[in-house]
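Throw the hints in and build the complete structure from the sequences for me.
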Amino acid sequence: MKLPPVEYEAPTTVAEAVDLLAEHTDEASVLAGGQSLIPLLALRLAHPAVLIDINGIDELSGVSATNGWVAIGATTREYVAEESGTLADAVPLLAAALPLIGHEAIRNRGTIGGSLAHADPAAELPAVARALDAEFVVRGQSGERIIPAAGWFEGYLTTSRGPDELLVEVRFPAAGPGTGISFQEVARRHGDFAIVGLAASLTLTGGTISDARLAFAGMSDVPVRAGGAEDLLVGEAPSAELFDEAARRATDDMDPPADLHGSSDYRKKVAAALVRRGLRAAADNAYERQ
Amino acid sequence: MTVDITLSVNGATRTGSPEARKTLADFLRDDLNLTGTHLGCEHGVCGACTVIVDGRAVRSCLMLAVQAAGSEVTTVEGLAPDGELGTLQQAMWDSHSFQCGFCTPGFVMQATAFLRAHPDADEQQIREALSGNICRCTGYQSIIDGVLLAVERARQS
Chain A
-1 MKLPPVEYEA
9 PTTVAEAVDL
19 LAEHTDEASV
29 LAGGQSLIPL
39 LALRLAHPAV
49 LIDINGIDEL
59 SGVSATNGWV
69 AIGATTREYV
79 AEESGTLADA
89 VPLLAAALPL
99 IGHEAIRNRG
109 TIGGSLAHAD
119 PAAELPAVAR
129 ALDAEFVVRG
139 QSGERIIPAA
149 GWFEGYLTTS
159 RGPDELLVEV
169 RFPAAGPGTG
179 ISFQEVARRH
189 GDFAIVGLAA
199 SLTLTGGTIS
209 DARLAFAGMS
219 DVPVRAGGAE
229 DLLVGEAPSA
239 ELFDEAARRA
249 TDDMDPPADL
259 HGSSDYRKKV
269 AAALVRRGLR
279 AAADNAYERQ
Chain B
416 MTVDITLSVN
426 GATRTGSPEA
436 RKTLADFLRD
446 DLNLTGTHLG
456 CEHGVCGACT
466 VIVDGRAVRS
476 CLMLAVQAAG
486 SEVTTVEGLA
496 PDGELGTLQQ
506 AMWDSHSFQC
516 GFCTPGFVMQ
526 ATAFLRAHPD
536 ADEQQIREAL
546 SGNICRCTGY
556 QSIIDGVLLA
566 VERARQS
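Chains as they are written, first to last, in this note's numbering: chain A, -1 to 288; chain B, 416 to 572.
Please keep in mind that the hints were generated in silico from the structure rather than gathered at the bench.
Where is the CB? At the ideal position from N, CA and C, for every residue including glycine.
The reader is advised that the hints may include incorrect statements.
Rough simulated footprint, nothing fancy, chain B against chain A, three-plus residues with beta-carbon under 8 Å [to be verified]: (1) 26 to 40; (2) 97 to 106.
Interface residues of chain B toward chain A, partial, derived using beta-carbon atoms under 7 Å [as the list claims (entries may be wrong)]: (3) Glu457; (4) Thr465; (5) Arg471; (6) Arg474; (7) Glu543; (8) Ser546.
Shown next as structure tokens:
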């Protein structure tokens, strides 16, 4: 369908955007790459009175590395992040997930901040952010807040960003030596939303797992960490038996959603397979990087 | 509300005053009368409306016309301005790539942008690059054949 009538604002600074958000709050939607918001408008699932287009705010775009963190501006397009050497070196898990987002034409417009603010639980970036404990920087008229990924995703398409706040930057910790990663997903076609996705990261210190991170996409109304499996892995040496047990622990008490692409049981089985596969690939990758 | 915009379309400077809610696709078709760009699903799934904006393939149904202000847009009409088919178009023609033609402009624009960046693409890369475009006639094989033939011909010339 055609989009409903809507007012349009195109601020050129964060301060202007924040003032507009304070003025319109719930009546406004922030328009970044538009690859999720425009369909929501076309399908009448979103009814904003005003679109605040932040594409013209230059300070919101770019990738920079400092003090063990990589900061990505909210309107950095996914293809730009995909082509960033800084990101490929420092946050390989994110780099592995990026090519799986939608299709090329989607990544040419879609933004890192847009996907994370949209917070689709089946999308790749929320799982990566949750796995790596990314930090979300939001700005409102009363100043800046930093929200950890554990507190960012509140529910289906819902984050803890206030209606008068703008997501300006997302920070990912750089991977240290001995950290291996893998992003796994099962989807109907390349580029489709994952039926189940898994962001996995393992750090090996002297042959023992010193840090383990597993986050699922598509298993709940938010991206979820598999804390029990992570606890099991730390302190152990990688082995097929260990990974089998981790897969069981990661999925045993899960109750994933069912839809026409798969039942809840099917999703659980796929998730367990992805944990085994992801841990094996992450361990191999960690050996290479040691 | 309407917004005054100026942009380049197929090399020519164009101006307009689209409503803010008007997509680039509707602006091209309704305001500029460039109906070569087709609209299938109107929510970013089918790829029929793909055009090239500032060198990159985008879905013109997922971009507002006002957002294209100052940009360089190429539509399927811009590929053969003199009426002579380009290498890709001719290769697709020779491979009987299309049947009804509805998805054609989207596939051609997506493949055009992709081959510019990856002139030596192999079949797997081409399949992936075109995976966001839907065709309900051909079963895709003839489309892939056409793009592969274009790669081959460009290599030989």
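So, going through the hints one by one against the coordinates:
{"no.": "1", "hint": "26 to 40", "in the structure": "holds (count 7)"}
{"no.": "2", "hint": "97 to 106", "in the structure": "holds (count 6)"}
{"no.": "3", "hint": "Glu457", "in the structure": "6 Å, holds"}
{"no.": "4", "hint": "Thr465", "in the structure": "6 Å, holds"}
{"no.": "5", "hint": "Arg471", "in the structure": "4 Å, holds"}
{"no.": "6", "hint": "Arg474", "in the structure": "5 Å, holds"}
{"no.": "7", "hint": "Glu543", "in the structure": "6 Å, holds"}
{"no.": "8", "hint": "Ser546", "in the structure": "5 Å, holds"}
Consistency note: the structure conflicts with none of the earlier hints.
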